[in-house]
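Trainee: Residue-level listing of the chains:
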Amino acid sequence: MNASGKIMNCEDYREAIAADPSESFEGGAGHAAACESCSAYRAEMRALDETIAKALAIKVPELKVPDLPPIGEDDNVVKLPVNRPSRFSTPAWLGIAASFALAAIIGIQFSGNGPDSDRLLAEEVLAHMDHEPWAVTVTDVSVSDAQFERVVHAGIGTMDRDVGLVSYAQSCIINGRTIPHLVIQGRDGPVTLLLMPEEMISAPVELSGESVNGIILPHGDGSIAIIGEREEGIQEIEERVVDAVEWSI
Amino acid sequence: MLGFSLYFGRVSTPDSQKLEGRVIIAQGDGSPRMSSDNADLKRRQRFDRVVGVLHRDLYRYAAWLCRDPGIAEEVVQEALLRAWKSLDALREDGAAKSWLLTIVRRENARYFERKRLETVDIDSLTPSQSAMLAESEDPNLAEMRQAMYRLEDDYREPLVLQVLMGHSTKEIAELMGIKTGAVLTRLHRARIKLKEEVEKAAAA
Numbered sequence: 000m001n002a003s004g005k006i007m008n009c010e011d012y013r014e015a016i017a018a019d020p021s022e023s024f025e026g027g028a029g030h031a032a033a034c035e036s037c038s039a040y041r042a043e044m045r046a047l048d049e050t051i052a053k054a055l056a057i058k059v060p061e062l063k064v065p066d067l068p069p070i071g072e073d074d075n076v077v078k079l080p081v082n083r084p085s086r087f088s089t090p091a092w093l094g095i096a097a098s099f100a101l102a103a104i105i106g107i108q109f110s111g112n113g114p115d116s117d118r119l120l121a122e123e124v125l126a127h128m129d130h131e132p133w134a135v136t137v138t139d140v141s142v143s144d145a146q147f148e149r150v151v152h153a154g155i156g157t158m159d160r161d162v163g164l165v166s167y168a169q170s171c172i173i174n175g176r177t178i179p180h181l182v183i184q185g186r187d188g189p190v191t192l193l194l195m196p197e198e199m200i201s202a203p204v205e206l207s208g209e210s211v212n213g214i215i216l217p218h219g220d221g222s223i224a225i226i227g228e229r230e231e232g233i234q235e236i237e238e239r240v241v242d243a244v245e246w247s248i
Numbered sequence: 000m001l002g003f004s005l006y007f008g009r010v011s012t013p014d015s016q017k018l019e020g021r022v023i024i025a026q027g028d029g030s031p032r033m034s035s036d037n038a039d040l041k042r043r044q045r046f047d048r049v050v051g052v053l054h055r056d057l058y059r060y061a062a063w064l065c066r067d068p069g070i071a072e073e074v075v076q077e078a079l080l081r082a083w084k085s086l087d088a089l090r091e092d093g094a095a096k097s098w099l100l101t102i103v104r105r106e107n108a109r110y111f112e113r114k115r116l117e118t119v120d121i122d123s124l125t126p127s128q129s130a131m132l133a134e135s136e137d138p139n140l141a142e143m144r145q146a147m148y149r150l151e152d153d154y155r156e157p158l159v160l161q162v163l164m165g166h167s168t169k170e171i172a173e174l175m176g177i178k179t180g181a182v183l184t185r186l187h188r189a190r191i192k193l194k195e196e197v198e199k200a201a202a203a
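Listed in order, the protein sequences are those of chains A and B.
Using numbering that gives the first Met the number 0, the final residue of the first sequence is 248, and nothing's skipped along the way.
Using numbering that gives the first Met the number 0, the final residue of the second sequence is 203, and nothing's skipped along the way.
Please keep in mind that the hints were generated in silico from the structure rather than gathered at the bench.
Backbone N, C-alpha and C fix where the C-beta goes; we use that ideal spot for every residue, glycine too.
Some hints here could point you the wrong way.
What follows is a set of in silico ranges between Cβ atoms, one per label pair, in the way DEER data are often shown [what the hints assert, rightly or not]:
| # | chain 1 | residue 1 | chain 2 | residue 2 | range |
| --- | --- | --- | --- | --- | --- |
| 1 | B | Ala-133 | A | Asp-242 | 54 to 60 Å |
| 2 | B | Val-52 | A | Ser-247 | 47 to 53 Å |
| 3 | B | Ala-202 | A | Thr-138 | 28 to 34 Å |
| 4 | A | Ala-52 | B | Asp-87 | 49 to 55 Å |
| 5 | B | Ala-133 | A | Thr-138 | 38 to 44 Å |
| 6 | B | Ala-133 | A | Ala-42 | 28 to 34 Å |
Derived list of chain A stretches under chain B, where covered just means 3 residues or more per stretch with a C-beta under 8 Å from a C-beta of chain B [to be verified]:
| # | stretch |
| --- | --- |
| 7 | 47-55 |
| 8 | 135-147 |
| 9 | 219-226 |
| 10 | 236-247 |
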């Protein structure tokens, strides 16, 4: 029997043992004991794994630690944004094509022509993402209502929780303002949302990197950053998030 | 999140004149974070301890991610620098392996985003890439290394994390930001591809 209570057939077993030759999945040992052919296949997979392990263990050069700068004032100081953008009303962004691109997280670079304030905000968002990598995990555990309400509180606005399973909710600082940092579970993995009620941008800023895909959208008097895995259907999430969020500020 | 809070404007420290008008990240107790020789030394000792234990894993992971020993060294150097700067974000040393592998993964992606390198063809390798594949005199290992080299990134990475790093499916899913089902599918396909390559080589 496997984890779902079904009897494991040879095809199921071979798929499972090829993914995990240590046979840590339920029902595997029982099947292999009763099936000589699958038992032989397991031995074959384990032998293959031994060769893989040896092949992967390449020689490691001597450790060269880079020059480590002293951790001083500059590491503890975040400069305030240079300029605040002019007021911008929604839903004007709906008609504006993204005219510049920023590249994100893990390898993102800014290559757009937007105002400095947009660039600074995007850089802040990316730096923040980099600083909290543990927030982006796959899980089916939702944060508590109490935690969610502490983060998305009345002073910020409201977000309809039907937008998706919220697996992470913390108050974080972007450009000196406390904002909700949320992670929802998307179709292909976690999607980060930064709700920034007072951070206006002049047009959507696209984020694209080797393994991420996202956007910062103007929303009312603020903006929302939505960042997911490369394959994630961000556009569909954008619409849901924009519909779900209302600022109170 | 990390026990930090923010202070605006003048802060009552000896350096407060310099800090006026800027945002200071301070520790949870409300006092601005101050460096001292002792704190620096402890920080450095902690860094050396963590990196000393894990550096082999970090290098091998980087090397199999980018498939180039020279680039792997650069990626690890950059990752170590980044780790040093954000060492305070590592709350427990027990979590250091996943934390550092995540940094290496991101630094590798950054590197390729910066350089915009083309995918390398196995028939036109640089000397350091060739050396990585030709390290072993055992023809079976050399063949397996080439097969691993040819494997798509999406398949190679979870395999490296499972076989070399001893990560569970759940840990791999968390590190790669994908679901466990996707990890299992990739691991299964990776091994089937490698098995076919090895069998093809043996038949030839």
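Trainee: Looking back at the hints listed earlier, which ones does the structure fail to meet?
Mentor: 3, 4, 9, 10
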